[in-house]
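Construct the complete structure from the given sequences, taking the supplied hints into account.
Residue numbers (numbering that gives the first Met the number 0), protein chains in the order written: chain A, 0 to 409; chain B, 0 to 409; chain C, 0 to 409; chain D, 0 to 409.
Calculated from the structure, these hints are not laboratory results.
Incorrect hints may appear among the rest.
Identical chains blur together in the list; that is why a pair holds if it fits in one copy or across any two.
[Said to hold, decoys possible] Lysine-lysine pairs mimicking DSS-like chemistry, simulated, CA-CA at most 25 Å apart:
id, residue 1, residue 2
1, Lys-394, Lys-34
2, Lys-168, Lys-284
3, Lys-52, Lys-317
4, Lys-233, Lys-394
5, Lys-279, Lys-233
6, Lys-279, Lys-6
7, Lys-284, Lys-394
8, Lys-279, Lys-394
9, Lys-6, Lys-34
Protein chains: 4
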Amino acid sequence: MTDTLIKVDLAESPYENPNVHNRWHPDIPMACWVKPGDDFILETYDWTGGFIKNNDSADDVRDIDLSIVHFLSGPVGVEGAEPGDLLVVDLLDIGARPESQWGFNGFFSKQNGGGFLTDHFPQAQKSIWDFHGLYTSSRHIPGVSFAGLIHPGLIGCLPDQAMLETWNKREMDFIATDPGRVPPLANPPFAATAHMGRLQGDARAQAAAAGARTVPPREHGGNCDIKDLSRGAKVYFPVYVDGAGLSVGDLHFSQGDGEITFCGAIEMAGWVHMRVSLIKGGMAKYGIRNPIFKPSPITPSYNDYLIFEGISVDESGKQHYLDVHVAYRQACLNAIEYLSRFGYSRAQAYSILGTAPVQGHISGVVDIPNACATLWLPTQIFDFDIRPNASGPVKMIQGGVDLPLSPDLA
Amino acid sequence: MTDTLIKVDLAESPYENPNVHNRWHPDIPMACWVKPGDDFILETYDWTGGFIKNNDSADDVRDIDLSIVHFLSGPVGVEGAEPGDLLVVDLLDIGARPESQWGFNGFFSKQNGGGFLTDHFPQAQKSIWDFHGLYTSSRHIPGVSFAGLIHPGLIGCLPDQAMLETWNKREMDFIATDPGRVPPLANPPFAATAHMGRLQGDARAQAAAAGARTVPPREHGGNCDIKDLSRGAKVYFPVYVDGAGLSVGDLHFSQGDGEITFCGAIEMAGWVHMRVSLIKGGMAKYGIRNPIFKPSPITPSYNDYLIFEGISVDESGKQHYLDVHVAYRQACLNAIEYLSRFGYSRAQAYSILGTAPVQGHISGVVDIPNACATLWLPTQIFDFDIRPNASGPVKMIQGGVDLPLSPDLA
Amino acid sequence: MTDTLIKVDLAESPYENPNVHNRWHPDIPMACWVKPGDDFILETYDWTGGFIKNNDSADDVRDIDLSIVHFLSGPVGVEGAEPGDLLVVDLLDIGARPESQWGFNGFFSKQNGGGFLTDHFPQAQKSIWDFHGLYTSSRHIPGVSFAGLIHPGLIGCLPDQAMLETWNKREMDFIATDPGRVPPLANPPFAATAHMGRLQGDARAQAAAAGARTVPPREHGGNCDIKDLSRGAKVYFPVYVDGAGLSVGDLHFSQGDGEITFCGAIEMAGWVHMRVSLIKGGMAKYGIRNPIFKPSPITPSYNDYLIFEGISVDESGKQHYLDVHVAYRQACLNAIEYLSRFGYSRAQAYSILGTAPVQGHISGVVDIPNACATLWLPTQIFDFDIRPNASGPVKMIQGGVDLPLSPDLA
Amino acid sequence: MTDTLIKVDLAESPYENPNVHNRWHPDIPMACWVKPGDDFILETYDWTGGFIKNNDSADDVRDIDLSIVHFLSGPVGVEGAEPGDLLVVDLLDIGARPESQWGFNGFFSKQNGGGFLTDHFPQAQKSIWDFHGLYTSSRHIPGVSFAGLIHPGLIGCLPDQAMLETWNKREMDFIATDPGRVPPLANPPFAATAHMGRLQGDARAQAAAAGARTVPPREHGGNCDIKDLSRGAKVYFPVYVDGAGLSVGDLHFSQGDGEITFCGAIEMAGWVHMRVSLIKGGMAKYGIRNPIFKPSPITPSYNDYLIFEGISVDESGKQHYLDVHVAYRQACLNAIEYLSRFGYSRAQAYSILGTAPVQGHISGVVDIPNACATLWLPTQIFDFDIRPNASGPVKMIQGGVDLPLSPDLA
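This is how it looks when you write it as structure tokens:
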């Protein structure tokens, strides 16, 4: 039986668990050590450490203090790992906890982080997804169910001091260009809610003040939110510190490309079964700067898609230069408009795009001035036929059920 | 035997062919008419009308006047089509001409259009790809061959006058924000090289002066360069004028997501076999603003990928805000660096990314400040194993062959 | 432009074409020679040499003299090929003739060859399938269309004298065990309708008297009717004679596993584009007795199936011992019964199973006394939903159209 | 948390567990009841009830009394189910027990059941497969690992009295045609080792004497050993008795088409999470005689195959009439011969064909006198390249490790 090296108690605050941390810093002590070739299991909190509840109110999504995220399990030290190596991680399996067979998806209020379509969905909303073995469905969104493409939203190795300084300088300089922006341009270190694992005393205080926030993906991987980094995948991570220091969390039962709803995918607590090995000196041998990976041979095989195009002209008709971000937003809005014709509320449609195994492709990026992005919506996840036909759409969803919404407090 | 409604003679200038045009304008007369339910064949020039030759010099890529592109076959009038309808186009088959079983890929000089990585590849280069039935390979790039994902880079219906004016205003206002930029922000109407099909006299002169250039994708589709709009796909196009006016050209034997090399995919002359039908009033019924489509059931099934990540920190270390364009560029550069370890020149690697059925995914767009993009490189297109392993890469490509390069003229 | 080494004129009898033959014999002269590495095109007749017509009568299916089949193009000599080599054949592309964009499927009368379900369909019937680019549909079977999985039903190299004698002895001994059986156990050599290619005079007469019929698959491949040997595949054939002597014919636009209707798949005239190379001594090196192959990366991707089970208890309730043939017949009959609930005639359903990309799997062969076979019916080829649901099937096909039937003549 | 309705203790004899049975009989009492729409979990023994051990001796495979199999969990009663209904079973998930992360594969001695290739492998052999999350590998077979296609080998509903009598008469009549055969033609009822679940007393004795053995697949499904009935699949079972009486067991971590090794796939103890619902009167509505099913959207996506052909001429050169069983055996033998060139023992190769997600297709069944069957071997499961090339195979497996063999006792 494979050893569970890190356990978490969902009834306990993650701040009480010394094998959890929510900042990146080279001084965080290893929670445990393994050898190359070992396989082992780590349990994880959901990214909010249990703040979001399985209920029918979006108050928790509205009220969460986002400086607490993400609660990661680790770091795991790997014997013999040295800076410049590649740490090879086989994601042997990933699952939800038996006692926690559900996840959440939501939209943050624009005042509290927002999301990809925050101007269109400026207030807090939430949907709850129940897991039925390999499948999931939501009591807030009828007519749709799908197999999970289970993956960690966040995984990577500890930065060294130089990398950490690069991150902090780069992002703080960036914040300084528009410090009052809502949502902010980036998140600076913030000691008050930092959880530095086993680190104690002055060392802890110093590290908490400088530890990088976990929100963005960076050179080491981190919060990539790549849906295809799913169970069964093999990942090659850059190593920056002795022992590598691998941490993981923010598990998703499923997610669409872009994680557009930000809060987030279908977020869950769970466990990761993985095996580690090393390619000594692999960063230089292969010219690696960011992680690379091989996808899993076991993923949902939905292959019938309806594909929506978007170009880099924004909602107001304004031209942007080869801007894929704008183009993908248009593709998403086009899909939401389309789904509304079948009876979905726009919030339900947005949530489907954020949770189902939707693909987002960078289709054209050179035809000035318009980028072209495509959103691939799998048709087989719907209980009814969503393809266009000559007689027009049938309103299959009759309303009466929608995502809970919690207005901003004055 | 299906009728070929538009024929082209590759030995003749496209300007001599009245069933070809290279601008978008509602006054371009229909080249021919069909009924809903009809299937028919259109022959097409390559996008440059034969300017780029099957040889070992990039001089043509350097010297081309890009104001001549794209030479489109059409417009085809569809009886009964009215503004607000959806024109359903089944791409029944697409192929190269028997006498022209080759295509080209290249990088424009930065002074003449550039490309996605123009700062890294600032000079004109070219590779020639020979077709062997379903497959292609290049004498300029050893060790790689793949099945074609054949598709039109450019297809769509004529705009009406209001749409045309929207395009022209939007893009000329945009150009005005930085009129001296090289490459330019967008391309304004340009009468000197306009080909307005059958239009003659004053009407022609007026339309040529106002006709929209064909370079960008726009609301009607147009130059989307979506590799998945491949033969076997079904596309739903917005109709703006009576008769719809469907035109097509810029055929590609294969392309990677993004068409990053700009000149372009594997560009070819050929033919398109299609069937048309109508969804009356379909734009309003389904809330359609841009085309939507269903992909083909017959596409290359390469499913073993090596995936490269990129984040929105640019080559100089500068932070960009959730910029997928920057992130995808980093993923591409990471893949080029990786492939160079197997002996490819960087130009060869760039060309592979532009031509092979490479996927580009918008993986994360909400984790401030970094977008995350992924480039999916199919491993099965290489004659050798490109996956990482503990002993490091073997230099399989021994050099001696590279893409022709033509330096800018003083 | 690739050379077409063998041309056929569909208006001419195949017996007039010296580059065609319909028997296997080592003395048939090479029709042409190629070098390893060459690619070339061969045109082919349909397997009956044009006997079956594009009309609405099954008289031709009833009346055909099956001793004339199959008309093959070749043999092609490959320089340097010797007995014991493997001939590597890349099926670069396969297609129908531009002037012959249709094919046929039928059931032979039980008195004239029968088929897999001949006791259930004892009389001659026929359906005609029109090709629309990559797709096909039949005026005799509404509600179904699909992309072609184009392949040669018959391809292989000439036997040597010893192999030929093995075949003839084996099959004639077998016929002798029940010489009066209808349909017969096997087909003996038959000189009257033999076409021995360029062979003339006494040599021709001798070879015609001994030439093996082309009906069964044998050690060299031959009439395997493997739907997955499709365009894009790579095949490794045993070589028995100097020059190999590769012949091909019996092209199919599409076929289900088993080619259960026998007459046959969607049979067509067309052309094959192929490239040949050699693995010297490959039969011994790899222990090859029958051909092996790698499937194409480009095949129809229908992946949503309804799967029917069958066991080796026959229609009368009789037990058979691990008999996959009986089990697959039951699975086919179960599928026909099922499809009839949607309004299809049983003949239409049988034809769908014979022509569409249906899979037949050997699911269990050890659980005495019952073998278990499964028939995989792709649901995406139907215009309507054929999956079971709680309210029962809707009769989507209203009748009025069926396969022409020609009763046996007295 | 989903209820586990049937629990099994692997340390306890299955004969002690009243919710387990090893015969089919309508009088076996329901172990538990559920409602349509319920989802629930059943734990199961491996098919031998724990007789085969995780060790390096094949003595247990040689010595097992096969009259004890298969130990099934159930029957589960479904409220409202009546004869003639279809019981819809969603296989929501399937897994191994945390404390039992391994399975076995073996060949029975020809004296004790044999297998598909028993004349070639007449003695007892065994391999042990360890599970690593989604993957498995064996210490007895180097160089190969793959993702599991987890499925129940055996699942189905209780027969009614008439169906039971049909089975018993059919099979006992069949045995009577060659009663001394080794292995036997079929297995008659056998009371001595029967486990009739909760049934007690005289009723138990009568039922044990008449209960059908669980070895063959039959009209109700049963021991179909269909690898594609995997987790995520949806199955429609005929109902014969009030309450349906669904039982399941014989879980496989993975299996090739045919389960050719008979002992068996990769056999394991585990659990099944399923949901049930009803189609009232569905057997008549849809014309259902055997179960039908829809495959899972989540299965291993190995898509690069090397395909071996076999025809119905047996090892001795004897002709068989369209016999798919013989043809598939030849394809298997061809694959074993091929794999031996890379260094595998023939027993290792045989075990790979029995355990990996190998496909067996019924390719041609009408070309008299030869059936053609194909065996599809996924190339991506090997650590090295098994495809043919011009230089011949490299012996990658160096021997020293093989399957334990236990000779028959005198």
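Hints, verified against the model:
1. Lys-394 with Lys-34: neither (57 Å within a copy, 31 Å between copies)
2. Lys-168 with Lys-284: Neither: 29 Å inside a chain and 51 Å across chains, both beyond 25 Å.
3. Lys-52 with Lys-317: neither (40 Å within a copy, 38 Å between copies)
4. Lys-233 with Lys-394: between (43 Å within a copy, 23 Å between copies)
5. Lys-279 with Lys-233: Intra 17 Å, inter 38 Å, cutoff 25 Å: intra-copy only.
6. Lys-279 with Lys-6: neither (30 Å within a copy, 47 Å between copies)
7. Lys-284 with Lys-394: Between copies only: 11 Å across chains, 57 Å inside a chain, cut-off 25 Å.
8. Lys-279 with Lys-394: Intra 58 Å, inter 18 Å, cutoff 25 Å: inter-copy only.
9. Lys-6 with Lys-34: Cα proximity of Lys-6 and Lys-34: one copy only (19 Å, versus 36 Å across).
The structure fails to meet hints 1, 2, 3, 6 from the earlier list, while all remaining hints are met.
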